[in-house]
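Protein chains: 2
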Amino acid sequence: MKKLSILGSTGSIGKSTLEVVSKHPDKFRVIGLAARNSIEDLEQQIKEFKPEVVAVSDETAAGELKKKGLPVEILTGEQGIVEVATLGNIDTVVSAVVGSPGLVPTYEAIKAGKDIALATKEALVMAGKIVMAEAASKGVSILPVDSEHSAVFQCLDGRDMNEVEKIILTASGGSFRDRSAAELANVTLAEALNHPNWDMGRKITIDSATLMNKGLEVIEAYWLFNVPLEKIDVVIHPQSIIHSMVSFIDGSVIAQMSVPDMQGPISYALSYPERFGDILPSLDFAKIKELTFNEPDIEKYPAIKLTYDALEAGGTMPCVLNAANETAVDAFLNERISYTDIANIVSETMNRHSIVPGDTIEEVIGVSDWAKGQAEDIIKERV
Amino acid sequence: MKKLSILGSTGSIGKSTLEVVSKHPDKFRVIGLAARNSIEDLEQQIKEFKPEVVAVSDETAAGELKKKGLPVEILTGEQGIVEVATLGNIDTVVSAVVGSPGLVPTYEAIKAGKDIALATKEALVMAGKIVMAEAASKGVSILPVDSEHSAVFQCLDGRDMNEVEKIILTASGGSFRDRSAAELANVTLAEALNHPNWDMGRKITIDSATLMNKGLEVIEAYWLFNVPLEKIDVVIHPQSIIHSMVSFIDGSVIAQMSVPDMQGPISYALSYPERFGDILPSLDFAKIKELTFNEPDIEKYPAIKLTYDALEAGGTMPCVLNAANETAVDAFLNERISYTDIANIVSETMNRHSIVPGDTIEEVIGVSDWAKGQAEDIIKERV
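So the protein lines, in turn, are chains W and X.
Position 21 of the first sequence, counted from 1, bears residue number 2 in my numbering, the numbering being contiguous throughout.
Position 330 of the second sequence, counted from 1, bears residue number 311 in my numbering, the numbering being contiguous throughout.
No lab work stands behind these hints, which were simulated from the structure alone.
One or more of the hints may lead you astray.
Unchecked claim - Derived lysine-lysine pairs resembling DSSO-like cross-links, with alpha carbons at most 27 Å apart: (1) 31/W <-> 48/W; (2) 270/W <-> 286/X; (3) 147/W <-> 286/X; (4) 281/W <-> 270/X; (5) 268/W <-> 8/X; (6) 4/X <-> 270/W; (7) 286/W <-> 286/X; (8) 270/W <-> 281/X; (9) 212/X <-> 4/W; (10) 4/X <-> 268/W; (11) 147/X <-> 4/W; (12) 212/W <-> 270/X; (13) 212/X <-> 270/W; (14) 212/W <-> 4/X; (15) 268/X <-> 281/W; (16) -4/W <-> 268/X; (17) 147/W <-> 268/X; (18) 270/X <-> 268/W; (19) 8/W <-> 147/X; (20) 281/X <-> 268/W.
Stated by the list, open to error - Listed next, with one range per pair, are the computed distances between beta-carbon atoms: (21) 254/W <-> 268/X: 33 to 39 Å; (22) 114/W <-> 209/X: 25 to 31 Å; (23) 254/W <-> 294/X: 34 to 40 Å; (24) 259/X <-> 317/W: 52 to 58 Å; (25) 209/X <-> 40/W: 54 to 60 Å; (26) 177/X <-> 175/W: 36 to 42 Å; (27) 168/X <-> 293/W: 53 to 59 Å; (28) 207/W <-> 94/X: 36 to 42 Å.
Using N, Cα and C, we set each Cβ at its ideal position, and we do this for glycine too.
Here chain W stands alone, though its shape is the one from the complex:
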């Protein structure tokens, strides 16, 4: 039986994780849960899954939860989340906090020797070198929960990376895949939030539309699978049935598919090296009828080029890309900027950055905070 802490339990991935857990109560025991402030959802989860400890990072929300007198220890603040991530009696941490706040608890969990089911790609985007080195030194497994990286992980299935010619990440093309670059200037927030295939959180839905999400995944794949950048390709695949592929040196390509539902990759990260049943319905290819592919249009999706540029520049540049994007997407979600401003703000923030190696988590977080401040300044200059 695997003993879990779930960071971000009230988010989209957290909820799907608990659905997987509830399908296999003999395989999993939830020990810790952590959320930001959604205490109604958290209360329901406490009642159903009976964790020993929960953390609520928002102090006010934590205070309200405490008043309910639930039979659980309640921790608060960022430190509370770290404590849930490092509990002595857990073996696996599901890291599904949205965005840069996920880095520190994920890193602390690795330092404490916990295996990680990683949804928070920012941990690798911001601090891939540090995180992977720590995981290697502690001998912990980092199992991908992103559908693309789970697909790659399933396609690789332990093969020698010398046999890999390319990792091919698929991208749905997001909410605006059927619009031209020119049409993007006037799109609305509501349109951007209407993802054709996946039901996800707001931030990642916007990142899917801009393809920044795919860019961050390229960076994540770079660290997770230790492949050079030129061995990572992106192809648009509107149906989101093939979640990614690996092309080998003999010309054989292995692809992983399923209906688009995050329970698939979550389950695999938790059941690995086994597979558990009753997770997703089977694919029916006679009903699917067709799978299509096309090259990403760089003019329409400037985020792709920005991420390759950031990774090539190295050091703290990917961290700056991510931080500026978080600030810009937040501004777009609050209707302070237009959709096409997002990439421009990221690009301008990157231009202002002087790269440093980023050898400590503190340095990386400092750079991330600096970039968010710069992005905010740029937003203010514009409006």
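Starting from the structure of chain W, add chain X where the hints point.
For chain X alone, kept in the frame of chain W given last:
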């Protein structure tokens, strides 16, 4: 270095095998070659690959080859092929003799403890139970060379069969995939031999058009992967890019793809568990653009139903199906019968058969010969 005998070296698979060998001269040494009667091709192969022993089953052709004074031992007859299959200093036999004559040398190679790269699906269609039991008892590996079974083998990659929900064999739909069942009555031999995707031998090209080839592959998969019949599906996939798939209990599907070229599966069977480079060009998905699927039309492809019926009936019925089909296809290739007669002759031969267990190779061959005689009688009755 792997030491090989190649049975059927002058056929399509044999030639592709030698192309793979010539790409990796440090990995392979060709010790034995066997062919039926194509001594010109064989002479060229002897000069290039310098085998120690060759066998020519046709006595006249063997006599002609001997006159050439080549520096190689030349054996003759069916027994000569068995000797090449069981040479003391080889470890792997590429079994690529077309049709039922491939059974005995393949079986003798297994008895002699040789690993088998198996293209001759008839060995399993005719005598799957006997062949697999012998392989298990001798601890030899039977590595599939059929593109579909190689795909399944690559997708399974050693996984527990309890995790498998379905094996999904893809079929191109063959030469007549764009014609209706009604249009098949008047098709010509030349049209039938014009396969849209694969460049293969004549017999298998006709079997691809009728989907009998897929039926035989269902039977082959049944024995090779030890899965019940209801876990094997067939889907039409006209592009022949996905060579087959495995659907797992968690809803995840793993697919194997490549350009349609038999060097892919041949190389994997010979390099397994490694992959060797420089075999096939990479797939370019932006150029492929689409992969499509549809359900096989049972009216158009009666062979599919016949094979499921034969496997359900069990015992020697799959052997009868195969033998009758060989005779019928041969008659079609000689323009003695029409295209749609093929399935009718197979069906009628099956109707005449009283199933026996088929527990020995001799019994199986006896039944196969009986079925060929019956099919020939039926052909004669018709013309």
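- Item | Restraint status (C-alpha distance of residue 268/W to residue 8/X at most 27 Å) | violated (44 Å)
- Given the hinted pair residue -4/W and residue 268/X, is their alpha-carbon gap at most 27 Å? violated (39 Å)
- Item | Pairwise hint evaluation, residue 281/X against residue 270/W, where the allowed Cα distance is 27 Å at most | holds (19 Å)
- Message: Next pair to validate is residue 147/W with residue 268/X; report whether the Cα-Cα distance is within 27 Å.
- Response: holds (16 Å)
- Message: Hinted pair, alpha-carbon criterion (27 Å max): residue 268/X, residue 281/W. Please report holds or violated.
- Response: holds (20 Å)
- Should the hint that residue 114/W and residue 209/X are 25 to 31 Å apart at their CB atoms be regarded as holding? violated (48 Å)
- For the pair supplied as a hint, residue 212/X and residue 4/W, is the alpha-carbon distance within the 27 Å limit? holds (24 Å)
- Measure nothing beyond the straight line between the CA atoms of residue 212/W and residue 270/X; if it is 27 Å or shorter, mark the hint as holding. The hint holds at about 21 Å.
- Keeping to a limit of 27 Å between CA atoms, is the pair of residue 286/W and residue 286/X held or broken? Judged against 27 Å, a Cα distance of about 52 Å means the pair is violated.
- Item | Supplied distance hint 36 to 42 Å, evaluated on CB atoms of residue 207/W and residue 94/X | holds (40 Å)
- Query: Are the Cα positions of residue 270/X and residue 268/W separated by 27 Å at most?
  - Reply: Holds - the C-alpha atoms of residue 268/W and residue 270/X are around 19 Å apart, at most 27 Å.
- Query: Has the given pair, residue 212/W with residue 4/X, been kept, meaning a C-alpha gap of at most 27 Å?
  - Reply: The hint holds at about 24 Å.
The earlier numbered hints that this structure contradicts are 3, 5, 6, 7, 10, 16, 22.
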